[in-house]
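Please model the entire structure based on the sequences and the hints provided.
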Amino acid sequence: MRSDNLLRVSCGGVELDSPIVVASGVWPFEKDFWQRDSFPGLGGICTKAVTLNRREGNPGTRIWETPAGLLNSIGLQNRGVEHFLERDLPVISEGGIPFIVNVAMENHDETSEVLRRLEDMRNMIPAVELNISCPNVSDGGMAWGRFAETSAQAVSMARKKWKGPLWVKLTPQAEDIAQVARAVEEEGADALVVGNTWLGMAIDIDTARPVFERAFAGLSGPGIFPLALRMVWEVCSAVTIPVIGCGGVTSYRDCLAMLMAGATAVEVGTVMFLDLQSGKSFSSGLEEYLLARGLDGMKDIIGKARQ
Amino acid sequence: MRSDNLLRVSCGGVELDSPIVVASGVWPFEKDFWQRDSFPGLGGICTKAVTLNRREGNPGTRIWETPAGLLNSIGLQNRGVEHFLERDLPVISEGGIPFIVNVAMENHDETSEVLRRLEDMRNMIPAVELNISCPNVSDGGMAWGRFAETSAQAVSMARKKWKGPLWVKLTPQAEDIAQVARAVEEEGADALVVGNTWLGMAIDIDTARPVFERAFAGLSGPGIFPLALRMVWEVCSAVTIPVIGCGGVTSYRDCLAMLMAGATAVEVGTVMFLDLQSGKSFSSGLEEYLLARGLDGMKDIIGKARQ
Amino acid sequence: MCISEGIRDFDGIAEKLQKITSRVFTIDFHCPEIAHGSSPGQFVMIRFKDRLDPLLGRPFAVASAKGDSFSVWFQVVGKMTALLSEVSPGEKFTVRGPLGNGFGEPSGDKLFLVAGTLGVAPLLKVYEEFSGRLDCEVHLGVPDKTWKPFTEQVRQLIPGLRIFSDDGSLGVHGTCLHGLPGEIGQREEIWACGPVGMLKALAERYPQNRSGIRVSLEARMACGIGGCQGCVIETVEGKRRVCVDGPVFSSEEVAWDEIR
Amino acid sequence: MCISEGIRDFDGIAEKLQKITSRVFTIDFHCPEIAHGSSPGQFVMIRFKDRLDPLLGRPFAVASAKGDSFSVWFQVVGKMTALLSEVSPGEKFTVRGPLGNGFGEPSGDKLFLVAGTLGVAPLLKVYEEFSGRLDCEVHLGVPDKTWKPFTEQVRQLIPGLRIFSDDGSLGVHGTCLHGLPGEIGQREEIWACGPVGMLKALAERYPQNRSGIRVSLEARMACGIGGCQGCVIETVEGKRRVCVDGPVFSSEEVAWDEIR
Ligand SMILES: Cc1cc2nc3c(=O)[nH]c(=O)nc-3n(C[C@H](O)[C@H](O)[C@H](O)COP(=O)(O)OP(=O)(O)OC[C@H]3O[C@@H](n4cnc5c(N)ncnc54)[C@H](O)[C@@H]3O)c2cc1C
Ligand SMILES: Cc1cc2nc3c(=O)[nH]c(=O)nc-3n(C[C@H](O)[C@H](O)[C@H](O)COP(=O)(O)OP(=O)(O)OC[C@H]3O[C@@H](n4cnc5c(N)ncnc54)[C@H](O)[C@@H]3O)c2cc1C
Ligand SMILES: Cc1cc2nc3c(=O)[nH]c(=O)nc-3n(C[C@H](O)[C@H](O)[C@H](O)COP(=O)(O)O)c2cc1C
Ligand SMILES: Cc1cc2nc3c(=O)[nH]c(=O)nc-3n(C[C@H](O)[C@H](O)[C@H](O)COP(=O)(O)O)c2cc1C
Ligand code: FES
Ligand code: FES
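Chains as they are written, first to last, in our numbering: chain A, 1 to 307; chain B, 1 to 307; chain C, 1 to 260; chain D, 1 to 260.
Just so you know, these hints were derived from the structure itself, not from any lab.
Treat the hints with caution; some may be incorrect.
Claimed, not checked - Capping the alpha-carbon separation at 30 Å, the derived lysine-lysine pairs in DSSO-like fashion look like this:
1. K148(D) to K19(D)
2. K239(C) to K31(B)
3. K31(A) to K49(D)
4. K148(D) to K110(D)
5. K79(D) to K49(C)
6. K79(C) to K49(D)
7. K239(D) to K31(A)
8. K79(D) to K66(D)
9. K79(D) to K16(C)
10. K200(D) to K148(D)
11. K110(D) to K79(C)
12. K92(C) to K145(C)
13. K304(A) to K79(C)
14. K19(C) to K148(D)
15. K16(C) to K145(C)
16. K92(C) to K16(D)
17. K49(C) to K92(D)
18. K92(C) to K49(D)
19. K148(C) to K110(C)
20. K92(D) to K145(D)
21. K19(D) to K49(C)
22. K239(D) to K19(C)
23. K66(C) to K92(C)
24. K280(A) to K92(D)
25. K92(C) to K280(B)
26. K19(C) to K92(D)
What the hints assert, rightly or not - Computed Cβ-Cβ distance ranges for the label pairs, DEER-style:
27. G104(D) to D296(B): 53 to 61 Å
28. M121(A) to S281(B): 39 to 47 Å
29. E94(A) to S281(B): 52 to 60 Å
30. R209(B) to A82(C): 45 to 53 Å
31. S281(B) to R214(A): 30 to 38 Å
32. D144(C) to E56(B): 38 to 46 Å
33. D166(D) to P89(C): 39 to 47 Å
34. A178(B) to D206(A): 22 to 30 Å
35. G90(C) to Q75(D): 21 to 29 Å
36. E258(D) to N5(B): 41 to 49 Å
37. S138(A) to R209(B): 38 to 46 Å
38. A178(B) to V236(D): 36 to 44 Å
39. R214(A) to G90(C): 38 to 46 Å
40. P143(C) to R214(A): 56 to 64 Å
Every value quoted in this text rests on a predicted model; they were computed, and no experiment measured them.
C-beta: ideal position from N, C-alpha, C; glycine also.
And the structure:
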């Protein structure tokens with residue numbers, strides 16, 4: 001750990017060497033990807049969503065490119081919490097980089113069981129990110145995050161089971177994002193991730209059918225950045241816990257904008273498809289920005305545009 | 001009028017030679033732009049928003065490019081309904097192309113006065129588009145369109161004053177778009193435009209300030225197409241009156257997708273900044289698609305992906 | 001008053017990219033409609049054909065025209081200009097134009113053409129058009145001697161060019177306003193283009209002669225045809241659109257106090 | 001099992017574009033890491049550096065490697081391939097790789113390499129690598145004689161190439177499966193790449209020999225590194241990722257019935 005690190009932030013119970021965190025669902029569990037030195041500049045990595053049982057995910061087309069964007073309908077494919085704890089956790093906890101276990105909200109009983117099992121391994125797990133925002137499943141997912149009341153129920157349950165740092169990932173499809181954010185804060189979340197993908201769709205004109213079996217899918221990538229930034233601004237106006245900006249970040253400039261809007265860290269998903277070294281180039285960019293202006297650290301940037 | 005026109009549609013009380021309509025706010029009032037033959041392939045043109053009094057619009061930066069998108073914060077700059085009726089209406093009604101007068105919802109009294117004056121000229125005005133969705137003003141605008149109740153109030157007022165074809169332009173910032181759509185249909189709207197720009201923001205990292213004086217601005221352009229298409233699909237599931245798809249259309253393929261999702265016509269805004277001949281190239285594309293598949297007209301396309 | 005007549009989106013093919021300094025370039029575009037159809041001070045909006053990012057065209061003055069081609073001069077300041085500085089011959093563009101009012105006809109028999117760096121671009125075309133018929137005295141200001149290749153390139157087109165630099169390392173020490181006369185005569189005019197600070201200083205320098213000063217202004221643009229209202233500036237008659245009401249304004253029209 | 005080791009995003013410079021037919025092209029990329037580091041059947045994901053549209057890289061087989069460069073063969077089918085068919089030498093790309101498992105080592109001493117049109121791309125590299133050590137018999141199927149320049153280009157690299165066409169207008173009338181033996185011997189294998197219908201037909205043709213057939217599959221990809229789960233196909237063990245568990249699968253692993 002470099003203690004002289006200009007980019008160090010403390011975010012919702014996790015110490016990050018850099019505010020740049022890999023978002024859930026884009027990073028494989030293969031060992032090499034979790035070594036602190038393999039991908040310098042990253043502050044942390046979120047795992048792919050974990051559910052109680054193995055999930056096969058959605059049939060049919062799962063990804064579709066749009067102008068400066070990407071629609072996905074993966075549907076939480078994963079091998080279940082058992083497999084995660086036995087096979088993946090040992091691998092990813094060895095690399096030394098802080099990681100955050102993304103837990104997809106299914107229903108009360110299943111998800112509380114997942115969290116109970118993670119709680120048993122609390123000393124190995126830096127943080128949990130409760131995903132109440134997946135748009136690609138019929139059971140639970142984003143339905144939890146659309147309203148303040150259901151969001152509060154989910155977080156209240158999670159808070160009881162999981163005692164470590166708890167991040168909650170909100171959905172842009174919330175009816176009133178500020179209200180949801182406040183409700184989640186009240187239930188004891190340590191940080192808010194704002195947010196998941198934006199509900200979109202595509203139609204294949206050759207077949208005259210929706211591209212995705214579930215018709216709708218989640219839009220990510222640079223095209224949505226202005227929308228995500230606005231939502232981060234709104235949530236930062238509503239709560240006092242740290243906010244992690246997520247959605248369309250593709251440059252260190254985007255990171256700066258998110259931070260200046262009030263975010264304490266950023267999550268980057270789609271950009272890792274474009275450049276695996278984004279962590280490095282973004283942190284260099286941030287560092288140079290700070291140095292060029294004689295700023296002391298992230299505190300001089302976070303929320304700057306609000307003053 | 002070409003009666004053998006494959007692309008002809010009847011949409012919310014207006015007969016269009018092609019389903020491609022220029023969206024509000026991108027087209028100047030200069031005469032040459034309203035001649036039916038100047039820009040072939042267009043079915044109609046929406047005017048820039050008209051308000052009761054002259055409005056200066058917003059100070060500061062008004063446009064900002066984003067990846068595959070455009071943020072604008074014009075703020076309804078226009079010269080007021082008086083000027084519109086005396087100076088612009090004679091010009092635009094001479095060209096022969098159907099036009100739709102975009103009326104921005106300010107408050108009950110002002111907007112009903114605007115509609116009253118338009119009603120006096122009803123024989124000259126093919127349709128009115130009630131804009132309950134402008135994100136760039138503090139008084140009224142999108143605030144009307146966020147909820148079913150306020151949307152209904154606005155449309156109920158408009159329906160009383162303006163007896164001609166009434167299109168209502170919804171906002172993606174609606175809490176529940178289907179509910180808003182149904183409420184607007186019930187109050188007697190003839191068609192729904194889905195939708196206006198998406199609320200976004202930009203931060204200038206050099207000044208560490210929001211780019212726009214009002215911080216938030218409206219996002220348009222190809223980046224939002226997947227979101228707009230999804231919303232059109234949702235609204236078409238909720239109502240039976242015609243829907244006009246609007247948001248990010250940049251190719252005849254996008255037009256087809258909107259139509260297949262259930263839209264009767266499409267409005268195109270930002271793409272006119274890229275190519276003034278979009279009307280022509282999109283209608284050629286549509287025509288070729290129909291001919292290649294031996295289809296008889298728009299009825300064979302509209303809603304096709306829903307079957 | 002049919003401003004729009006003839007405005008269309010034409011195909012433009014990049015023919016030649018010339019690097020003048022590390023940040024300043026010229027490109028020749030093959031585009032007969034613009035080459036033959038534009039007058040001094042008018043501009044075009046240029047975008048990569050079939051690319052959605054960058055999305056919008058960017059405004060550039062038509063700096064000169066020869067045969068079926070016209071050239072633009074530009075400085076790398078952001079996304080589009082960076083990409084333009086790496087174009088390959090043959091790349092396809094959409095060129096919207098000819099746009100704007102242009103400088104119009106001179107009212108006297110002497111023109112002072114005053115440029116801050118790239119502001120010289122529209123004035124090159126003015127010089128091309130009018131230097132045969134009347135006296136054109138051209139003043140060009142640059143920051144420092146790193147701009148030498150640029151001033152030399154301009155001098156090839158304008159032999160009598162007067163050069164000024166902010167730090168004195170090139171030409172005369174001072175801004176491009178430095179060598180102008182104390183008063184503008186009856187049959188003299190100043191036509192200027194450059195940073196807004198310079199144009200404002202010009203207005204302040206000749207408070208009594210503003211009607212004899214024409215300035216070409218800049219603003220962020222989306223449409224270039226007067227539709228979007230994105231490019232407005234403050235004038236004594238309220239907000240006006242740079243793209244169709246300008247880019248050339250009489251200095252007396254501009255509400256200089258309200259311009260940042 | 002460290003699949004990812006060595007996978008990075010490298011710079012690739014387009015060196016040469018060659019047009020073979022109106023829809024088929026090859027490009028050579030300067031990229032030492034891939035040229036020296038990839039094995040037959042592996043692929044790369046290629047995207048325009050610094051362009052956000054098209055956003056994602058697209059997967060292409062490494063068709064051959066020479067010195068510090070490698071080449072890809074491609075057919076124009078959509079957005080990216082259309083743009084690639086117009087690249088200028090010197091254009092900058094990001095090349096992610098080397099990706100996938102590749103074909104691995106042959107288990108016998110005779111290989112039937114069976115390609116449908118562009119499916120020949122990875123097999124070119126297989127041939128380059130193994131034709132010196134063992135018997136490689138290459139079968140290439142195309143629709144019709146408009147593919148003649150393509151088959152000729154392939155034949156330059158593979159002199160003994162056997163050509164088949166669907167309509168009989170080029171080579172032997174029939175699909176590329178047409179000339180294969182009725183049974184695959186003990187020390188023989190079939191390695192194939194092409195449309196999924198062809199690979200399925202191959203599996204159906206040799207129901208008893210599927211373990212002797214290796215097929216390279218395609219799927220839409222976002223990451224290429226096993227992260228996104230976007231590229232899964234159905235196998236007898238459930239969904240597997242084409243990008244890291246493949247693209248080469250034993251024909252007996254694939255759940256052919258569930259593949260469209
Ligand atoms: C009528 C007119 C004629 C012009 N002629 C020329 C010319 O001949 N040569 C030339 O080099 N430039 C000219 N410009 C300016 C040119 O349009 C901008 O430099 C260009 O749009 C920048 O594009 P970009 O994508 O590289 O920068 P961006 O990434 O869009 O922005 C980079 C920086 O440039 C600033 N900027 C962007 N657009 C403008 C603008 N329209 N006006 C002022 N600042 C802007 C931004 O604030 C930002 O700081 C002209 C502008 C106008 C309005
Ligand atoms: C491992 C692998 C290796 C490949 N190697 C080659 C190669 O060497 N040469 C070659 O020409 N092509 C190869 N392909 C296919 C190539 O990736 C696609 O043709 C390319 O992605 C199309 O991109 P586009 O932007 O032009 O088309 P898009 O605009 O993305 O799509 C156009 C059409 O192509 C189809 N398509 C898009 N992506 C794929 C895909 N990944 N697989 C199948 N169909 C697709 C779409 O359904 C659509 O009909 C390979 C694919 C994989 C997975
Ligand atoms: C292929 C893919 C899979 C994803 N899977 C998950 C997931 O399992 N859990 C989750 O919380 N978010 C998931 N996301 C959402 C991302 O973590 C991120 O919130 C979103 O993509 C917006 O950020 P971006 O624009 O930087 O990608 C996924 C996104 C993509 C593109
Ligand atoms: C510069 C600009 C000005 C606009 N002004 C108006 C307006 O006055 N009234 C209105 O209803 N919509 C207005 N809009 C919204 C457009 O009509 C359209 O709904 C939106 O831009 C989405 O479509 P697009 O992506 O095709 O541009 C404006 C959009 C832009 C970009
Ligand atoms: S750029 Fe649209 S009005 Fe001037
Ligand atoms: S492309 Fe992402 S897992 Fe295969």
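Which numbered hints does this structure break? 11, 12, 14, 20, 22, 28 and 30
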